[in-house]
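Take this note's numbering: the last position of the sequence shown gets the number 991, and nothing is skipped along the way.
Lysine-lysine pairs mimicking DSSO-like chemistry, simulated, CA-CA at most 27 Å apart:
#1 Lys376 to Lys60
#2 Lys754 to Lys40
#3 Lys337 to Lys268
#4 Lys337 to Lys60
#5 Lys988 to Lys931
#6 Lys832 to Lys813
#7 Lys441 to Lys500
#8 Lys268 to Lys376
#9 Lys268 to Lys60
#10 Lys268 to Lys931
#11 Lys77 to Lys262
#12 Lys99 to Lys40
#13 Lys791 to Lys766
#14 Lys624 to Lys60
#15 Lys60 to Lys262
#16 Lys791 to Lys832
#17 Lys461 to Lys99
#18 Lys60 to Lys461
#19 Lys512 to Lys376
#20 Lys740 to Lys791
#21 Lys284 to Lys310
#22 Lys262 to Lys512
#23 Lys766 to Lys780
#24 Lys512 to Lys337
#25 Lys988 to Lys754
#26 Lys77 to Lys60
#27 Lys813 to Lys825
#28 Lys262 to Lys387
#29 Lys491 to Lys441
#30 Lys60 to Lys512
#31 Lys441 to Lys389
#32 Lys500 to Lys533
Simulated DEER-style distance windows between Cβ atoms:
#33 Gly485 to Asp808: 51 to 57 Å
#34 Asp656 to Asp583: 56 to 62 Å
#35 Gly428 to Glu285: 25 to 31 Å
#36 Leu531 to Ile558: 37 to 43 Å
I should point out that these hints are in silico values taken from the structure, not numbers from a laboratory. A virtual CB, placed ideally from N, CA and C, is assigned to each residue, including glycine.
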Amino acid sequence: MKNKNKLLGFVALKTSFFRFVTIGLLLSFSVASFAQHTLKGVVTDQNSGEPLIGVSVLLKNTTIGTATDVDGSYMLKLTEPHDKYVIVFSYLGYTPVEKTLTESELDQPLDVALSEDVIGLSEVVVTGASELTSKKQYGNAISTVNEQQISRSGSTAIDKALAGKVAGALISQNSGNPAGGVSVTLRGYSTVVGNSNPLYIVDGVIIDNSSSELIDLGGYAQNRLVDINPDDIDRIEIIKGASAAAIYGSRASNGVVQIFTKRGKAGKPRISFGTSVNWNSLRKEIEENMEPFKWAVPGNPDSTRLIPTKRYKMQDYIFHTGMGTNNNLSVSGGNSKTKYYASIGYLKNEGIIRNTDFQRYDAKINLDQSINHWLKAGASFNYITSKSKEVPNGGISAFYGALTGMNFNHNAYNPEADASGNYESPQGWVPNPVEAIETFKFGQEIDRMLGNFNLTATPAKGVTINYLVGVDRYTHNASGFLPIGAHSGNKTGWARSAVKTSFLINHDLNLKYRTQFSNQINSTSWLGFSLQKDHTFVLAQTSDHLSPVVNSTGAGEIVSYGETRIERIIEGAFFQQSFGYADKLFLTGAIRLDAASPFGSDAGVAMYPKVSLSYVLSEEPFWKENIGSAMNTFKVRASYGEAGNMTALGAYEKFDNYNPQPYGGVTGLEPSTRMGNANLKPERQKELEFGVDAGFLNNRLGFEFTYFNVNINDLLLERVLAPSTGFSTRFENVGTMTNKGLELLARGAIIQNKNFSWLTTVNFSKVKNSVDGIEGGILKLPKSFGISVAKNGEALGVINGYYYARNDDGSIKLDARGWPSRAQKNGVNDRKIIADPNPDWTGSLINELNYKSFSLSFQFDAVQGFDVFNFTDRVSSRPIFGGGRYDAAEIRGDLVRGYNKASYNIWERYIEDGSFIKLRELSFGYTFEPKTPAISRMRLYLTGRNLISFDNYSGWDPEVSTSGQTNGVRGFDFNEVPIPKTIQIGLKMDL
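Use the sequences and the hints to build the structure in full.
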């Protein structure tokens with residue numbers, strides 16, 4: 001019996017074993033047979049039929065995916081069985097396509113054609129989500145600029161390429177210098193004493209885009225964004241307000257610009273090469289006095305005796321046509337495990353002022369590695385070195401330079417050197433323009449490294465963990481030299497050297513959980529932590545009484561020496577929760593906590609909330625049945641958010657600071673004139689945004705409208721203190737500011753077929769700014785000679801100046817000599833708001849036409865309703881008595897000789913309308929496939945930038961601003977280099 005039981009047990013065990021083996025073999029066979037499926041196909045542009053490179057091909061709701069190669073081909077390996085297979089094809093700027101397949105269809109080729117997403121509602125973005133997310137899920141407006149738009153601009157700097165392409169962004173080129181700075185303001189100013197430039201992030205790395213003028217070049221300060229090669233850029237995403245930027249915390253009140261560089265795609269190696277040559281020239285000459293006479297007694301306004309003279313056209317001696325070249329080589333590729341992108345670039349660009357140029361060398365590599373099915377790693381490294389030759393233009397704090405020499409001197413002398421190498425200058429303290437170009441030696445050099453390393457883990461279904469560390473480190477060297485005997489106010493020679501070292505590091509840890517509650521409801525929870533540190537060290541030295549043979553600071557008497565060390569730390573955490581219902585209703589809420597070292601202990605932890613709602617009504621059945629045929633897409637959105645601003649505050653403003661000061665031969669310290677304030681806290685921006693997105697005619701016509709209302713509280717302003725305190729001023733959170741405005745984006749595919757397409761884009765923006773809470777009612781802004789001010793009830797940066805005394809009928813009041821009079825109150829010359837440099841509105845018109853292999857695009861930018869203080873005209877007219885023109889009907893009488901001198905201090909005279917419409921870009925291209933196996937594709941193109949400007953401005957260019965990125969100071973033109981007209985010819989090829 002026992003043996004029988006044992007036998008029965010053995011039989012049962014054997015049976016179970018065979019069942020287990022059989023089931024295992026069947027499962028193995030099933031998985032093995034499924035693993036043999038590889039979906040293949042080609043993705044093309046629906047209109048042109050051209051293959052699309054880098055299209056994401058993804059199995060929906062999984063991380064299984066690939067991308068198309070240079071031929072638009074893809075291979076997607078599917079290793080796990082599913083009930084159904086939904087394959088999503090997505091590409092920036094195109095409408096995603098979903099294909100549902102059965103297992104039997106996986107072995108058949110699947111070719112897909114994508115159409116351009118005119119309205120952009122289905123466009124995918126990464127900003128604020130750390131993964132590709134459809135824009136229809138966002139309750140706020142996010143602008144995107146793609147690789148083609150950047151390339152077509154012909155610009156060698158990213159921020160210049162963005163001009164006119166982003167609704168709500170005021171992008172102005174401050175200088176026409178080869179690496180001249182650019183100011184970017186999103187939805188108006190956000191501070192008075194800080195800066196309003198957005199936060200820039202490159203591949204997750206927070207970067208420094210400061211505009212440091214280590215030596216006085218007079219407005220030539222470079223933006224550090226000029227270090228980034230536009231040829232490496234894949235796309236740019238722009239968040240314009242606190243409602244969207246809340247998760248970025250204390251540095252995001254000015255908006256966020258996310259820059260994504262190119263990554264490798266699986267497939268055979270793709271080698272791309274591009275080269276171009278450009279010519280930069282002066283677009284417009286200003287009027288010079290070429291009359292063959294001069295006053296015999298120029299210092300006497302009553303003298304009318306003339307003598308013959310020879311005059312020289314100074315602009316011919318200063319400006320020339322500068323040449324440039326831009327060369328880039330990249331290679332990318334990889335397989336399912338490893339992907340890479342590597343590039344090198346060389347740029348040289350000569351300025352329109354003689355003896356100026358900018359050179360940049362850069363190398364970049366991006367790596368992506370799949371370690372296993374749940375862990376991925378990525379790394380980026382970018383090295384840049386650049387140098388520039390500069391000619392100072394005087395500007396704000398010094399009066400030496402080429403344009404200074406032209407405008408402060410008359411032109412009745414020979415600007416070229418005599419036989420002994422000496423230069424003539426009518427005014428000894430102002431240089432001869434050619435002397436400044438040939439003998440003044442100024443330059444800058446940059447060594448910069450950008451890098452990041454990141455890990456992404458998906459340890460469980462719906463769970464994603466990402467860690468990133470990013471570093472931005474650079475050294476900025478600047479030097480200046482004026483030789484002995486130079487016409488500069490310093491005859492003994494002058495030399496200055498300065499070095500700035502900047503190190504920024506950011507750590508970001510994000511944990512995300514996605515789950516599907518039902519077929520209709522999904523949830524995404526996101527928890528993040530961040531740590532940001534930045535260190536800055538600046539060392540500067542100035543010497544005079546130089547050696548006649550050595551042009552360094554060590555070869556003279558040191559007259560000043562300075563050293564600055566700054567360290568800041570920001571720690572933050574945020575939680576964001578999103579819900580989606582039926583792919584049509586989306587709700588997101590978030591909260592950010594920040595602690596920053598510049599703020600006092602009483603500030604504690606700052607909290608910034610955010611909430612947004614997006615509702616795609618066109619997904620409702622009632623809409624599809626009744627309205628959908630006319631309006632295919634309709635989405636309403638609303639959002640509210642708060643963000644902080646720490647740009648207005650130095651690292652140590654909460655402390656009483658001391659400066660080194662020798663006394664009696666002994667080194668000592670003296671207190672700063674500004675008292676510290678331990679109660680300082682971040683400026684806080686609160687924004688409410690409403691908008692609608694609509695698409696008509698099968699989404700061939702799209703509109704995006706946004707209204708925003710921004711309130712900035714706790715505005716940092718300097719308060720004047722009683723002398724008894726021992727200090728003169730102190731920063732306090734006392735002011736307020738508002739920005740109200742609207743943005744409109746309209747895009748239309750006017751014609752769209754296989755051979756011909758015509759796409760038109762219109763941008764329009766209007767912002768109304770007002771500041772309040774200023775003690776005394778008015779505050780002078782820096783770098784403007786006190787001309788630009790913040791005044792209660794006015795827009796930031798209005799011009800406060802002297803104005804004409806007028807008669808009751810409005811005509812200019814003349815004195816006994818027939819000269820115009822300056823207005824006075826109680827016997828004192830009076831000042832009032834005489835101009836507003838902030839535009840009434842900005843806009844652009846962009847057209848893109850493609851016919852078979854030919855392309856034509858052009859962009860007009862408009863900035864309307866703003867004033868410019870033509871300070872250049874003011875200084876150039878001072879030594880001239882007579883010869884000016886006034887409107888006789890306005891003044892109702894003739895002006896006698898001498899009125900120019902009299903009106904020199906009547907600033908109203910130099911206010912001009914700066915409104916302009918510019919042909920910003922014009923590009924023509926031809927793409928073809930050469931009959932050679934070595935080259936798969938080639939594109940030839942001709943591009944022009946800033947070719948025409950329609951304006952009534954008497955100066956060179958109404959767009960420039962001498963004060964660079966100085967917040968609030970616009971419309972101030974003082975000897976600034978005009979923006980050049982650029983013609984570029986080039987080719988790009990894929991090997």
